[in-house]
Each structure stands twice: as structure tokens, then as C-alpha cells.
Amino acid sequence: MALVELRKVCKSFRKGDETITPLDHVDLDIEAGEFVSLMGPSGTGKSTLLNLVSGIDRPDSGTIIVDGIEVTKLSRSKLADWRAANLGYIFQSHNLIPVLTAYENVELPTLLLKLSSRQRQQRVDLALEAVGLSDRAEHYPRQLSGGQEQRVGIARAIVAHPKVVVADEPTGSLDLETGDQVQVLLQRLNQELNITMLMVTHDNDVASIASRQLVLDRGKFLEKARS
Amino acid sequence: MISYILKTLWRHRTRTLLTVTGAAVAMFVFCFVGSVQEGLNHLTTGSDAERSLIVFQENRFCPTTSRLPEDYADKIQEVAGVREVMPIQVWTNNCRASLDIVVFNGAAPEQIQKTRPIKLTSGTWQQFTSQRDAAIVGRNVAQRRGLKSGDQFSIGDISVKVAGIFESTVPSEENLIYTSLVFLQYTRGLDAAGLVTQHEVLLTQDADPDRVANEIDATLRAGSVATKTRRKGAFQSNTLSDLVDLIGFAHWLGYACVGLVLSLVATTTVMSVQDRIKEYAVLQTIGVRPMRAMRMVLTESTTLCLIGGLAGTLFALTTLGVGGFAIGAEGATIAFRPSLGLAISGTIVSLIVGLAAGLAPAIQAATVPIVHSLRQA
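Chains as they are written, first to last, in our numbering: chain A, 1 to 227; chain B, 1001 to 1377.
Some hints here could point you the wrong way.
Said to hold, decoys possible - Here are the simulated distance ranges between beta carbons:
| # | chain 1 | residue 1 | chain 2 | residue 2 | range |
| --- | --- | --- | --- | --- | --- |
| 1 | A | E177 | B | R1375 | 34 to 44 angstroms |
| 2 | B | Q1274 | A | Q119 | 34 to 44 angstroms |
| 3 | A | R14 | B | L1253 | 30 to 40 angstroms |
| 4 | B | A1256 | A | S12 | 46 to 56 angstroms |
| 5 | B | K1007 | A | Q119 | 19 to 29 angstroms |
| 6 | A | L126 | B | V1322 | 50 to 60 angstroms |
| 7 | B | R1375 | A | E70 | 25 to 35 angstroms |
| 8 | B | K1007 | A | A32 | 23 to 33 angstroms |
| 9 | A | S75 | B | G1259 | 31 to 41 angstroms |
| 10 | B | G1259 | A | D24 | 51 to 61 angstroms |
| 11 | B | G1259 | A | Q119 | 43 to 53 angstroms |
To be verified - Residues from chain B shown here face chain A by an in silico Cβ test under 7 angstroms; the list is partial:
| # | residue |
| --- | --- |
| 12 | R1011 |
| 13 | R1013 |
| 14 | L1017 |
| 15 | L1018 |
| 16 | P1290 |
Because the hints were derived from the structure by calculation, they are not lab data. From a predicted model like this one, the values you see are computed outputs, not experimental measurements. Glycine included, each C-beta is placed from N, C-alpha and C at the ideal position.
Based on the sequences and whatever the hints tell you, model everything.
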């Protein structure tokens, strides 16, 4: 049984008088420990799919099951609890909380779990160490470079030991060199910590770090052979 | 999460400071108006106001125009239900409404000591009774005029030696200066030998105040001066009727202050939430429950309101405590005193207003459309 299962998922939007259906009866299985990249032209529904898997958006029809839980049936509050325990989200624009230090930003998801302060501290230290930012723990986002901010964002996504991490264009706002560093980091986290990842990207090079590359076109998946 | 809320408030410290200051000023006014209301309530209710009567000259209002024979006391004493009669000569520096009214009550010193709910905080009764021009001064007047035991205090044609300062369980008492009756009767300009302004009548426990009042007026109808007898609370309320109307109107000012705090804190919180709508979307993506997001906003608005409200309330209570403020007219005064009731109502109002002000933005933060908000620049 796959860790993430999408069955006949449909999602439409109204744009003026027009109805756009980026996802039309989509099926997808992602196995535990897999690193899946999702590519496709703009507007094909890549980010929409990511949002559906992460439970911050709801499909019009179909089911999404993650680790045996049908997330499409959960209430808004239950979904929030589920995300806190099972999902890490890496944003394109980092989205760190500006008034909190790197340490506090990473600590945020752990405050939503039943952990002792010692366990919390251990997890935050480990996450910061994993992204190589232990020495920047007390820095505020404004004191960090774009790449460092994204690494804090990655640490925040993995600190709660989620079952799935989704990443929406994680290198999209970074320069080439910093983007490469983030790619290496994501690959390392997938391989060393066995984190299941679903990543949306426009960039072929970034997509190539994934173990499985999918292209979403006109509401259907095309599997791309690894280069 | 508390750290996040406090840091958020600190991040916008100018906005926070302005809101807290606004809330503090409004709650200061609210407490001040509240103290005036309380002062009026103390004056017109309670055992002193309900269980004692004032016999005054009929159709007269200002103390200087009421001139009753002192020996009316003997006739009043004979009316059933009367426990004690205290003839009082009143002198005031201003018959009109004033914030710095000085009211002298001249009465027999032993009766003052026996019947008035007062306690000397400095000086002695012996000093008061042994010297003809001695006076004991209410705490409020002493604070306002900077008087202490041993001082000489002069106003108009009256000059007294301060023999003591007293406090009272009846706040309006603390705006009075007591002298001996004889001293005040013979004060230059009063020319009141054998006359008094009013008789204060203390009732027995089972006496019906209205019946006794009617009986007193009926008994004295045959005398040289007709009288009008009322309960002390009603008498004072009637004497201060113009002020009572104004104070009644002023309580709307208190409500307006509450409304001001509400709109001020609500505006700040709405702005704060709208500025950070993406942050709330991020928090919910991380796993913060909608109800928790709601609580965070409510905590923020309540914190702002409580800090401002408590500061304003504390400042108002301190000012009332050290200022000894009072307003009076025609010899009756309303004292503005700090009280536990004011502190509690100031705190509760701040808390409720804080919650009410945060409600709409809290709902907005809790129901934020996550995907749409994450796309905001």
C-alpha cells in the first residue's frame, strides 16, 4: 500500500465565465521514502495538487489517503492536527515568521505536538544541524541570506518528523549556486532520513534529483524516465 | 505562542504604544467618571443617607439662607422615633457648583464625636474640644489645601486652627471641616447667635423616616420659621439636583470612553491581522488550528487593552487618591474617591473590551483561505 494515494481527484476553478479543470480524475501513488518531482507548464495544476496532498485545499471529488488516513474527510481542525503531525511544507518564498529567530521558527511546529521541552529542544537542534545552521539559531530572518532562510524553512518542515514533506518550487527564489545547495540538502534528507518528498518545480535540473519524475499535462500524469 | 504574540506587539511598537496610550487615557476618564457616580451613590444611599433626616428652612436652598432657631432641637427631640438631634451651622465659601468648595459644619464637639462616622488620623479630640477656634478637617480638604494638624487655615472671615485630620467611611464627610457650633455662629458676617442652618436628626431603629419627617414639619409649623424635613440622601440629592443631572449625563461619557477603546483596539487588531494574513496562513499550514489562531488574535487584542486599561485605571486611582477631588454646591459635596470597585470594573471592562475588539479580526484569522492568502505578496 502506497503512503500517498490519490484516486480520481478532480479540482476546478472559476475564472470569469470560464471553468478551468487542472486536475481531472487524477490517480497517483507515492511510496514511503520516495522522492517525487512534479513538473509541467504553468497553470497545469502542480501547486494545486501539492495543496490537496498537504490538506490546505480540498478536491471537488475523489479521495486522498495519506498513511491510511483519508484526509479529504477531515474537518478543518482535524486537518490542522493532521498537518502538524504528518506534513512538512517547504514554501517557495520561505515564509518564515519575521519576529521569530531561526530557532523559534523551527520550534513552531513542535509547539503543536505533545513533546517535553527537552524533546523539543533536541528536535530543533537536530533539524538546524541537519540543514547546517546551528550557528545561526539566534538570527532573525532579516539577518539571514535567501539560501539560509530556505534552509531554516526546510528545518521547520522536517522538525516534527513528518511522514511527507511537500516542497513548492523550493529553489524558485534562489540564485543558481544557493539553489544547488538546497537541492543537495533535499536529496540528502530524502536519502539519509528516508523522508518521503513531493516537490513541484519548473526546473529540469532540480527535478532530476528526484527518484521519480512526473509531468502533469492537461490533468494527467506522464512519467518521465530518469535521465 | 505567547512569545510570538508579544514579539508581534513589540515589532509594531509605535502602533502598540499609541493604542495602549489611547486605551489608558480613555480608561482614565472612564474611572474618573465612575468615581463621580460612586460619590453620588454614596451621598444618596447607605444608612447615613437613609436613616437620618435634615430639617431645613422651607423653600430655601443655599445654607446661608436657611436660618432656623437653635431651640427647635428640643421640640424635634420630643417627636417619636427621634434618637438624637444635632443643630448644625453651615458655612460655605461658594453656594454655586465648584470643584474647590470649602464647607464648615459647626456643631457641638461631643455630638460630632458621638454621631459622625469619622476617625481622626492626626491630632486629638481633646485639642478640638478645648480650643474655641479649633477645627477638624476632612482628609479630602486637607489634601486639596495642603493642611496638617497645627496649621492655621483662613478663608473669608473665618480663621481656624487645625486640631486634627479625619477620615470617614462616608466619602462626602471627608470634604467637611468641623468646628464648634458657637464658633461658627459668632463668625463675623454670619450673625447667627441662637440660629442654625439645619438640624440633623438621627432616628431610632424602628422609626419610619417619612413619618417622622412629616411629624417634625407639623410640630414646627407653629414656630417662627416653617421647615422642610427630608431624608439626608434625598436632601443632598435635591440640593445637588443640577449636578445630579450633569453627573447622570456624564455617565454617557464613560460609555463613550469604552466605545473609544473598543474602536481603537479593534482598528489596531484588524490592521495587524490584515498585515499578517499570510503569516496566519503559514501558521495554519504548519498545523495551527483555526481556533488557536483565533485565540492568538484575541490574546493580542486583550493584551493591548489590558495593558492600556490597567495603566489608565491605576493612574486614575492614584490621581483620585492623592488629589482629594470633590465637587459641591450649596454646602453639599460629592467626593471622588478611589475604590476597589473602580479597580475591578476598570479591569473587567478592559478585559471585555479587549475580547470584543479582537473578535472580528480573530474570526478573520481563523477562517483565512490558506491557499489564497499564501499567494499574497
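Quiz prompt | Violating hint indices (sorted, rising) | solution = Per hint list: 1, 3, 8, 13, 14, 15 violated.
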